[in-house]
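S.K.: Going down the list, the sequences are from chains A and G. For the first sequence, the numbering used here begins at 1 and goes up steadily by one. For the second sequence, the numbering used here begins at 1001 and goes up steadily by one.
Hints in this document: simulated from the structure, not taken from any laboratory. All values derive from a computational prediction rather than experimental measurement. Yeah, the Cβ is synthetic: ideal placement off N, Cα and C, and Gly gets one too. Mixed in with the good hints, there may be bad ones.
Stated by the list, open to error - Chain G side only, calculated, beta carbon under 10 Å to chain A, not exhaustive:
{"#": "1", "residue": "Thr1087"}
{"#": "2", "residue": "Gly1109"}
{"#": "3", "residue": "Ala1285"}
{"#": "4", "residue": "Glu1291"}
Stated by the list, open to error - Heads up, simulated DSS-like pairs for lysine-lysine below, C-alpha to C-alpha not over 30 Å straight-line:
{"#": "5", "chain 1": "A", "residue 1": "Lys3", "chain 2": "A", "residue 2": "Lys100"}
{"#": "6", "chain 1": "G", "residue 1": "Lys1145", "chain 2": "A", "residue 2": "Lys229"}
{"#": "7", "chain 1": "A", "residue 1": "Lys217", "chain 2": "G", "residue 2": "Lys1222"}
{"#": "8", "chain 1": "A", "residue 1": "Lys246", "chain 2": "G", "residue 2": "Lys1222"}
{"#": "9", "chain 1": "G", "residue 1": "Lys1273", "chain 2": "A", "residue 2": "Lys244"}
{"#": "10", "chain 1": "G", "residue 1": "Lys1273", "chain 2": "A", "residue 2": "Lys234"}
{"#": "11", "chain 1": "G", "residue 1": "Lys1214", "chain 2": "A", "residue 2": "Lys146"}
{"#": "12", "chain 1": "A", "residue 1": "Lys100", "chain 2": "A", "residue 2": "Lys153"}
{"#": "13", "chain 1": "A", "residue 1": "Lys217", "chain 2": "G", "residue 2": "Lys1273"}
{"#": "14", "chain 1": "G", "residue 1": "Lys1273", "chain 2": "A", "residue 2": "Lys33"}
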Amino acid sequence: MSKILVGLKRVVDYNVRVRVKPDGTGVVTDGVKMSINPFDEIALEEALRIKEKGGATEVVVVSIGPADTQQQLRTGLAMGADRAILVQTDTAIEPLAAAKVFLKLIEKENPQIVLLGKQGIDDDNNQTGQMLAALWDRPQATFASKVELDGGKAKVTREVDAGLETIEVDLPAVFTTDLRLNEPRYVKLPDIMKAKKKPLDTVAIASLGVDTAPQFKTTKYEPPAARSKGIMVKDVAELVAALKQKGLV
Amino acid sequence: MAKILIVAEHAGGKLNPSTAKCVACASKIDGAQIDIAVFATDGAAVAAEAAKIQGVKTVLTVNNAANAEPLAAVLAPQVAAVAANYTHVFGPSTTFGKDLMPRVAALLGVGQLSDIAAVEGAYKFRRPVYAGNAIISVEAPQDKKLVATVRTASFQAAPQGGSAGVEAANVSASLPSHTRFVSRSAAATGRPDLQTASRVVSGGRALGSADNFKIIFGLADKMGAGVGASRAAVDAGYAANDLQVGQTGKIIAPELYVAIGISGAIQHLTGIKDARTIVAINKDAEAPIFEVADIGLVGDLFTIVPELEKALG
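Isolated chain A, as found in the complex:
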């Protein structure tokens, strides 16, 4: 019985233009659309495809967050996950704490593969998968653009600065997803109805016995420095003249 654990983070939707609060204490999230982190959606899609091809028997989606995170887990169930676990907390936790929470769930669930997005599009940290692999003392294949399972091993193609790199890892292992791994399916209405009947367990984060105290303190949020307004040119001749004036050509 091989199982895949998928992490789904609740984040401000990809299409929302995020704004810093005027008092600098955070970003505006009131009334803002929340969604599954896009990279995590890709992770779930990959898990579902592996299961559909017979490479796994169960896909479990996991999230760490407030009660409202059930919405994102229900979406994950509607996409095709078999069950969901919400580790409930009302305070934001750092990637190291998230990795420790996942490790606790791994000890209980015993998955062959843990699939996570390479980064959350909120904090842009890109850490949790790597930290989890270290704590679990298992391989990591980050920024995956292709995953091929072969018995107790997997060949993973990774998007790296120089191009593409392929590594082979023994299972169990942690994979983190890059954009080109797949295109997540759309959720159909009947699946949303079916998802309501699938199991969603809620676990209080305190019950896991994990130290989730933050290590870093964010003291201020600021909007990025605006670029000064540029000029419009009407044709190529003017463009070349403007570049010459700046000494760029």
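Assemble the complex: chain A is given as a structure, and chain G must be docked to it using the hints.
M.R.: Just chain G now, kept in the frame of chain A:
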């Protein structure tokens, strides 16, 4: 006093420029002692290069046949062992550093600060979040080792002219065999590297096909520029993945960035906001790219690009 270890990034016996950018970041911390560690099968040539970076005190070489390829699972225990004598451990926020450093941090039992964009103190930094829509000031605890990655686009490489000592370091760490390198396909283009090029010409969805995208390469070659692409162009298969510029691709800071047929989604803009001069060519006058462009030209790229190439004669 801060004692900072920087993990060298290298390939093919050559040091990656990201390492000198990490040194530049570390040098902003008053009174810091900066060492570089080179993990390789034989790191002598890379170490000699690293020793020339100004501000570096000692370059440590950790030679091991297992270090032939930069596998995070193999390198992390060695980095963690060398880190014992340091207060800070920095790596670049390239795919090399992003893969490796969080694994090092977890082995050391600490968190990580990703993408340092500015230094305000030995334990106080600024970094972008939400695709660069917010910049946060972050304080790290002084009683813990600080593991961090350096946003390379935010720092100019530390200059040459140093003469650090080179020492071999003995590291005893048990290394896993569960992760094995298979292959790497790198596009040998002969063009300047996207991440370090002083000029970059980038194409977007409006190019319409991989064949049409060739005019971007043509213009780039005329200008001696590197080539980039928007996520839309990469997703559509017009350009290779390693050309993607933006929040989840490469963050770059060239002197000149020419965005052609790129509308300018916020996720793309975050990858170019440190460019000195941004030129935008797009047929849609309302495209958001014009809000950040220093020079904008509205028109059909298939007319403009050949004209521009000709005008640059």
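S.K.: Determine which of the earlier numbered hints do not hold for this structure and return their numbers in increasing order.
M.R.: 1, 6, 7
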